[in-house]
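S.K.: Build the full structure now, drawing on both the sequences and the hints.
In the order they appear, the protein sequences are chains A and B.
When we follow the numbering used here, the leftmost residue of the first sequence carries the number 63, and every step to the right adds one.
When we follow the numbering used here, the leftmost residue of the second sequence carries the number 3, and every step to the right adds one.
Note that these hints are calculated values from the structure, not bench results.
From a predicted model like this one, the values you see are computed outputs, not experimental measurements.
The beta-carbon is built from N, C-alpha and C at its ideal position, and this holds for glycine as well.
Please note that a few of the clues may not be correct.
[As the list claims (entries may be wrong)] Now the stretches of chain A that chain B is said to cover, found in silico as 3 or more residues with beta-carbon under 8 angstroms:
{"hint": "1", "stretch": "180-192"}
{"hint": "2", "stretch": "205-214"}
[Claimed, not checked] Distance condition first, Cα-Cα at most 16 angstroms in a straight line; then the derived EDC-like pairs of lysine to aspartate or glutamate:
{"hint": "3", "chain 1": "A", "residue 1": "Lys212", "chain 2": "B", "residue 2": "Glu117"}
{"hint": "4", "chain 1": "B", "residue 1": "Lys567", "chain 2": "B", "residue 2": "Glu84"}
{"hint": "5", "chain 1": "A", "residue 1": "Lys212", "chain 2": "B", "residue 2": "Asp150"}
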Amino acid sequence: MNTHRPVRALSRALSRALSQSTSSSAAQPSFPLKNVTKSNFEPVLVELRRHVAAADFVAVDLEMSGVTSAPWRDSLEFDRSDVSYLKVKDSAEKFAVLQFGVCPFRWDSSKKSFIAHPHNFYVFPRQELPVESPTYEFLCQTTSIDFLAKYQFDFNMCIHEGISYLSRGQENEALRRFHLAYEDGSKLKEVRDAPLVKMADTLFTERMKNTFTEWRDGLFRNKNGGFQFQGISNDRQQHLETIFFKMRPALSLNGFTSHQLKLIQLVIRRHFQDLSYVQVNGENSCQQQLVVHTDSKDDRESLMKEVKDEHLRQAETKVQAAVGFRHVIDLLSSEKKLIVGHNCFLDIAHIYSKFVGPLPSTAEEFVSSVNKCFPHILDTKVLLNANIGLQQRMKKSQTSLSSAFASLCPQISLGAKSTDLAFQLCVKVEVQVDDLRSSNWNSGAKHEAGYDAFMTGCVFAQACSHLGIDFEACLPSEKLSHNEKLQKHINLLFLSWSKGDVIDLTTGNKNAMSVGSKNNKKRYLQISYEKIALIWGFSSKLKAREIRECISKVFGLTSVVSIYHLDETAVFVQFNKEKLVSEFLSLKDTLERKDGPASVLHPLAGLLEGGNTRAADYETYKEICSSPNAKVLFADQAEAFGIQWKTKLVEAKASLCLGCESSGEKNALNPASKSDEKSERKNMENVQSDSSTACVSNYKIIDSLIASRGDKIRTNL
Amino acid sequence: MATLIRRRLLCTSAKAGKKWAVKEVTKANFSEAVEEFKDDLAGSDFVAVSLQKTGSFSAGWHRALPFDTNDTAYLKAKYAAERFQVLQFAACPFSLRASKLTAHPYNFILFPRDELKVGMPSYSFSVQTSHLTYMAQEGFDFNACIYDGISYLSKAQESAAKVRIGNPTPGNYVVDSSLTHTVADTIFIERIKSRVKHWKNACKKSGSRTDDALLSSLRKLVMGTEIYGSRPCMNIDVCSERQVQLALEMLKEFSDELVPLIIPANGGGTQSVRVVLTSSKEDKDLFERELQNVVEEQNKRVRGFREVIDLISASQKPVVSHNSLNDFTFIHSKFLSPLPANVDEFTGSLSLVFPHILDINHLMKNIGPLRKVTNRPAAISYLNNHYFAPIDLETLPQENEGKIHRHNVVKMCYLFAKLCTILKIPENAKLSNNHLLAPALDVYTNISNPFSDIPQESINEDIRIWRNNMRKISCDNLVFLWGFRSGLTAGMLKSMLHKSHDVFSEDFDVRLVDKSCAIVVFWQPGLSGTFLDVVSDEAICGSLREMVSEGLRATSYRTYKRVCKLGLWEADLAESLDKALEDPDYSMEADSTTNGREILWSTDSMINFDDL
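M.R.: So this is what it looks like as structure tokens:
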């Protein structure tokens with residue numbers, strides 16, 4: 063998951079700013095990029111179809127209105143993989159996509175270089191059709207919006223000119239509605255027979271009746287020769303004009319009020335068998351009312367059918383237009399090209415929820431659905447972290463997009479024209495916008511989805527070349543997505559980057575990533591969730607240290623392995639034994655039941671002070687994560703979720719069994735975790751043998767964990 | 003007559019040009035603008051406010067409806083105020099003297115930037131695309147808003163933020179008679195006293211001669227001397243608030259030279275007391291003034307736009323608003339403190355800050371035909387056509403100027419002035435003496451009940467017509483129905499019900515609330531209870547039984563109140579009612595609230611489906 067996007071992009075921008083200052087290439091043109099809004103969307107889409115069809119892979123990147131709807135929904139090291147997914151799901155459901163970068167890359171064997179077509183789509187979920195949907199409301203994270211503003215994101219462009227879209231579900235719903243509306247012909251049956259009350263109405267009706275009779279009689283006369291339509295239309299009524307409608311003579315009604323039109327409709331129905339009142343959509347979507355003459359009943363029916371079909375066709379065109387940006391997604395899906403993104407699990411979740419359908423409730427269902435839509439997805443962040451060779455190339459620099467781009471593609475990122483030998487090995491990339499190709503531009507392109515997509519594609523191309531993929535040999539005869547050197551990296555995404563969980567889109571298997579194996583700078587916590595209790599709603603004065611003291615007094619000095627602040631209202635307490643969770647919960651429950659002096663003096667009293675302290679197991683955290691509310695504080699969220707009880711008791715035995723199973727499963731999946739477990743056990747032995755020192759080290763771990771949460775997110779990029 | 007007035011208005015607007023042009027205020031010109039605003043406010047009798055928000059309600063039934071009580075209407079407004087954001091706050095101090103309206107409109111552009119990186123004023127906020135699109139059409143500049151909008155914190159957030167920033171504050175010793183010294187206290191006091199004395203003397207001595215660097219740094223180490231600004235200082239570490247008080251008490255002895263500062267610990271509490279040595283009495287005064295300035299500067303930065311709210315509040319001028327419930331729930335939640343749980347607490351808390359709030363809608367209700375009108379242009383044109391109440395305004399912005407939203411607040415003043423003239427609200431009441439004003443306008447000030455019968459939505463420019471047969475009806479006579487076949491109209495439902503059971507032989511009314519739910523009014527008291535009993539009775543028979551077996555459900559008004567109270571804001575009311583009934587605590591909760599149980603029922607006032 064793309065946890066701290068702002069931070070990631072910040073470092074991205076910083077490095078860009080640095081490179082800009084060093085290269086000082088003021089004379090070079092700015093980065094060529096196709097900006098797409100609703101005004102030029104249609105023609106660009108036509109072009110894009112061509113580019114994507116010819117492309118070897120397509121890089122994508124998204125800018126969203128926010129990432130986390132509340133601090134406690136941030137991605138944490140404490141997240142179990144199902145919780146990680148729920149957090150991603152919440153984010154994708156609540157926030158909007160504001161910018162979508164699409165960059166098809168094609169290998170040009172004559173020039174021995176890639177041709178990239180960077181597109182920057184402004185997207186805005188404007189409601190174009192009257193289809194009810196909750197998507198017309200979205201959340202903005204203040205810091206994300208502020209961050210976008212720092213990079214000169216054009217909000218006016220986005221809101222005024224952004225391309226709207228319908229998901230597949232919405233499209234079907236809109237079509238269904240239109241069909242329903244025209245199926246029963248309700249548009250034409252609207253007018254009920256009502257007695258004419260007003261004198262004016264009666265007079266008007268009478269006059270219209272005469273006019274129509276006259277006009278119809280004129281038509282009959284005309285059949286016998288002579289051409290005298292216009293006689294009626296011009297001298298009597300400026301409102302009426304004789305035209306031909308679907309090969310039939312017709313009278314167009316102009317300048318009548320809607321009340322008058324209703325009366326006319328009544329007149330026609332009551333008095334004229336051979337005339338029909340029709341409403342059609344003319345040019346510029348203005349409605350045109352007609353009275354059409356038909357020869358027979360059959361002819362009349364066929365006319366009505368023609369009109370209905372036309373209405374439907376128009377409605378369908380309207381819906382097609384409203385589908386808008388989803389056409390791009392459909393294009394990517396139907397072409398089955400290799401999609402390349404950087405740390406793109408959240409991006410894919412956004413794409414799915416906005417353009418395909420509602421997000422499923424589990425990660426497994428989600429990835430299998432994604433796999434059907436997009437059979438080949440490659441995450442450059444996974445690729446860079448999985449391959450030691452690539453990490454060495456990058457001189458162990460970080461795998462954030464900008465640093466990867468800077469270290470892998472210096473020739474592109476610096477825009478330098480060098481004959482340096484190192485650059486000879488670099489994959490050449492040219493950029494084409496409209497029909498203009500360029501290979502020379504200012505690297506300081508501002509932060510936007512189109513440029514990010516381009517960088518991602520460049521990083522991927524360079525990584526491929528380092529992996530020894532010969533573009534010349536494998537393209538176009540063999541698809542890149544089937545290349546055996548890439549196979550082991552394709553369709554793997556980081557479910558949670560902060561925890562290093564990788565999910566396989568084809569199988570749904572989740573695995574802890576063995577990041578660069580030799581690279582020790584990143585170590586993931588091995589957590590058994592059965593040992594975790596969740597406490598919230600305690601007095602705001604309580605800090606982690608006091609909570610630890612409270613609990614340790616009861617369950618022993620070593621009972622608490624760590625305390626982790628979810629936010630100011632909630633903590634995770636990690637016990638050293640699983641049964642302590644249930645013991646703690648039942649003790650709390652008992653204490654709250656009897657309200658004697660004993661419970662006031664009890665060591666836990668401090669924790670229970672205020673009477674609103676709630677406690678539960680890790681499962682409850684998952685349940686609360688799955689609720690759609692967006693309260694900033696966890697305690698408020700739990701309340702909104704409807705938690706009434708104070709303590710959720712868990713059966714120790716049952717969960718013990720469950721724990722055995724799940725840990726066994728984990729081991730089967732991931733041999734690396736075994737060693738971690740070993741070290742953990744060792745740790746525990748330490749704890750037992752020399753509790754004081756172990757305790758200190760544990761404290762240290764926790765404290766650094768708490769203190770450096772922010773830093774970690776930064777360093778983990 | 004009306005045309006004459008209009009012509010006059012046109013003339014004056016042409017003549018006056020940009021004299022009363024609306025002042026757009028962003029971060030860049032905020033401090034000057036506030037000074038000007040302060041002066042304008044001081045010279046005016048009223049101040050009109052109008053808010054531009056990012057959304058109003060997500061589903062049709064989430065807005066205030068005719069059958070809402072004050073409390074449910076408030077809860078709905080609260081729900082919106084907590085989720086959406088204010089992007090523009092228009093404030094316009096104005097005076098009306100002898101039919102001459104003098105207005106000073108300001109548009110403050112706001113953005114809830116997290117200046118202090120502490121997740122305030124709002125971690126995130128919702129937007130409705132329809133609102134943004136509408137604002138875009140009106141020419142609202144989102145880039146200006148997000149790049150340069152003025153930041154702010156509410157009063158409650160400001161105090162929370164002060165703790166988090168942890169700036170030193172001057173320590174004020176509070177004499178606490180209950181403070182009796184224990185032995186430990188005495189030891190603590192003696193220990194720090196000797197340290198302070200020692201340090202002070204050392205400082206004074208060293209002041210006279212120049213040390214070499216090594217010596218002075220050594221001295222620093224030994225003495226714990228640091229420099230605060232240009233003055234020497236030392237820190238006294240404390241373990242509790244009691245020790246803070248003890249230290250402050252002891253320091254009183256040295257009060258002519260030493261200034262104590264309290265250094266807050268991370269996340270609340272006190273870390274230490276810092277003692278700053280000043281060289282003389284004058285120097286001490288100077289230092290205290292410096293501190294004061296620093297604090298003020300800091301407060302200004304933190305508070306941001308809220309300064310304007312504070313100014314309006316401090317001026318005690320009557321505040322004129324068009325959507326008072328909606329606007330003031332926003333104002334309360336963004337600039338004062340989180341919204342309280344019920345309407346009584348809300349009005350109580352609000353009236354402490356804004357004692358006089360005048361709702362234009364409420365004034366309009368005193369002019370019969372205007373009851374029907376909810377939008378401003380229509381109201382203005384109605385008044386122009388039917389009353390002779392010339393108001394002299396230098397500029398009345400024309401509709402065709404495009405950026406209408408900028409002038410909203412001026413038009414509001416204009417409308418208010420007209421209403422005042424027509425309703426003959428006495429001149430003297432409008433003079434700046436607020437004490438005079440209060441009783442005269444109190445009839446219209448009624449903020450606690452201005453909302454019961456008109457759902458306001460300034461974005462919709464349509465006019466809703468009410469028939470004049472509003473009737474008071476107790477909430478007990480209302481029943482919510484849902485689970486009926488989709489696509490039924492109120493009329494069809496009514497005739498089905500009419501045939502289904504005896505309770506429907508008396509007069510009753512049916513209205514659709516949204517597409518999933520209807521409300522039934524029993525004009526005969528007691529019948530609602532009978533009906534609810536019948537529906538839940540096993541002996542139910544006939545077509546009603548059939549309807550129930552098809553999924554028809556019914557519940558009392560109490561459940562609806564509960565929906566609002568629990569915040570079960572689903573898209574369909576039916577869904578929310580179901581959820582409220584599922585709640586296990588439902589049956590246990592006593593229905594304690596008895597006030598506000600009457601609503602006005604108008605027979606023609608349900609939701610206009612075109613608006614949904």
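S.K.: Now tell me, hint by hint, if it's right for this structure.
M.R.: Status of the hints after comparison with the structure:
1. 180-192: Check passed, 4 qualifying residues.
2. 205-214: holds (count 5)
3. Lys212(A) with Glu117(B): Holds, at roughly 13 angstroms.
4. Lys567(B) with Glu84(B): 14 angstroms, holds
5. Lys212(A) with Asp150(B): 11 angstroms, holds
Violated hints are absent here; each numbered hint is respected by the structure.
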